[in-house]
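So the chains spell out like this:
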Amino acid sequence: MVLAVLMACAFLTALPGRRVAEPLRNVTSYLFVPPGEGAMYFVSYFKGRITARAPRPIGADEARALEAENTQLRQQVYSLVEQRDQWWRRATIISGLRKQFGGRFGPSQEFPYDIIPAWVAGDESLPYGSGRSLGTRHSVASRKGAPVTSWVLKTDRTKAIEPVGSPAIAVDVESKHRYLLQITGSVLVGRLTQTADFTARMQLVSDANFSIQARIRRLVDRQHPRTVRPKGSSEFKPLTADNSLIDVQATGDGKGSVIVEGIWEGEDVRARGWLAPGEAYSPELPPRRGDQLVTRADEMFMPAEVLVGEVVEVTPIPEHGGFVRLRVEPAVNLAALREVYIVVPRGATPEAAP
Amino acid sequence: MRWTLYIVLGYGVLLLQTTLGGLITFPSASLGTIGPDLTAILAVFIALNARTATLGMLAAWGLGLGLDLTTATAPGCTTAIGPMAIAYALAAGVIFHIREGFYFERPLPQAFLAAVFCLMSHLAWVTYQSVLARGAVLWVWYGQMVLQAVLLSIYTGLLAPIGYLLLRKVRRWLIPVPAVARGRRGTIGHR
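Taken in order, these protein sequences are the chains called S and C. Residues 1 to 354 in the numbering used here are what the first sequence lists, from first letter to last. Residues 1 to 191 in the numbering used here are what the second sequence lists, from first letter to last.
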């Protein structure tokens, strides 16, 4: 009798689909998110170690060239810091004026969004989808659809310089200016699909249901300039920073990558490790970066150009002659995600958890 | 059956699956993500040792519901709550009724029965979710999920003897009253 009632209940909750599923999952997420935090820390650490890409070894000459470049960049940083301080002083004056005049004058906020830090507290039970449970100290209820970002270390050459065997360089870098050599950037990793007060569910960019209006940013390489021929045009044009973006629709493939379909081959999108015309592959060649998939700056949810990933494969579509399919590898290791940031409109961040 | 211990065990296994389970889950660019269903091992263990079919099915229903609650995404749509609970309960019923035909204290039958259990429940779940998505799931995706379900079943089957070995240590407390009928070939009850 009990079993029959329970089976009937399961049948009734299965019929309406997500309308019943979301509130029930939000309630039960409190059972799994807090105890899952520690375990996921271990998982992300371990997965990060075993799936990390090995850094490219560099020679002593290249290390010295980098050191010289770093010295130059250091000078530029000092100069920029001075400029920044000047701008801050001006901004303080302007801010005082705006307060004085009740905010009736002056420009509007450029990026009126807040960043809510969150952490990955659980994976999906079953491997058919790509989602994560998140825990956060701020309420994110009713923030469904909000983009979630993470950070990526774009360059950290200090780690590569260390083993070269030049103690002078290593000591100088380690002791004084290490922090100057680390540059981080934001990366889109997913969006919220279910939200509760202090927990949420995130759909990763690689999930088969994930879709986004984005852009391909072709990297301008002065040593290897390329010409592009947009669709419908018979004229080849040199690729510059002004015409480097292509509007695309990107979708997750459910297997850890993002797919962009139907790109005109005349756009000459390059994948990681591309070869210049007439160039033969050689292991001596330095690794070349592929073009990038970035978010659109005119997107409502996150009006900024944020990196999604790098093109790693360009394949022709046989049934649509002249068009290619791009496979984009996410810029961060999604298996080792730990800290993430939820982007919400400013002023919508409710109180923190006690 | 002691339901308090069952709830603690079920919760622990689900927590393990949603966290540390990531360590034994492998992404593949051609096959998708392949990981085991640890909850199924517990469900099969209970079905093999339960006193009656109803008890085994009830326990499996609860574990299936736990899976439903902790799985939100699948190709095509947000997943529903209930299909896995039903599929688990029915699969546990089948396992209960065929258990007498196996020497299920041995590793090979355990692996086989766990794989069969997973295959039945996961194929049913994948099919229901695809129907629920109403046209959003392409046949390619459905085929992909079926392949994932088959590989998941094999993987779970391979891990089942280890899980059974561990669970046998708590059998005395989890199922204090052994099955009414002894298995024709297997030994049901405590050693």
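Derived by calculation from the structure, the hints in this document are not laboratory data. Everything numeric in this text was worked out from a predicted model, so none of it was measured. Ideal Cβ positions, reconstructed from N, Cα and C, are used throughout, including at glycine. Misleading hints may appear alongside valid ones.
Stretches of chain C that chain S covers, calculated by requiring three or more beta carbons in the stretch to come under 8 Å of a beta carbon on chain S [said to hold, decoys possible]: (1) 65-72; (2) 153-166.
Partial chain S-side listing against chain C, Cβ under 10 Å, derived [what the hints assert, rightly or not]: (3) Arg25; (4) Asp207; (5) Gly254; (6) Gly262; (7) Gly266.
Right, here's what the structure says about each hint:
1. 65-72: This one holds; 8 residues, not fewer than the three required, reach chain S with a Cβ under 8 Å.
2. 153-166: Check failed, 0 qualifying residues.
3. Arg25: holds, 6 Å
4. Asp207: Aspartate 207 (chain S) check passes; min Cβ-Cβ to chain C is 6 Å, inside 10 Å.
5. Gly254: This hint holds: glycine 254 (chain S) lies near chain C, its Cβ roughly 6 Å from the closest one there, short of 10 Å.
6. Gly262: violated, 16 Å
7. Gly266: violated, 28 Å
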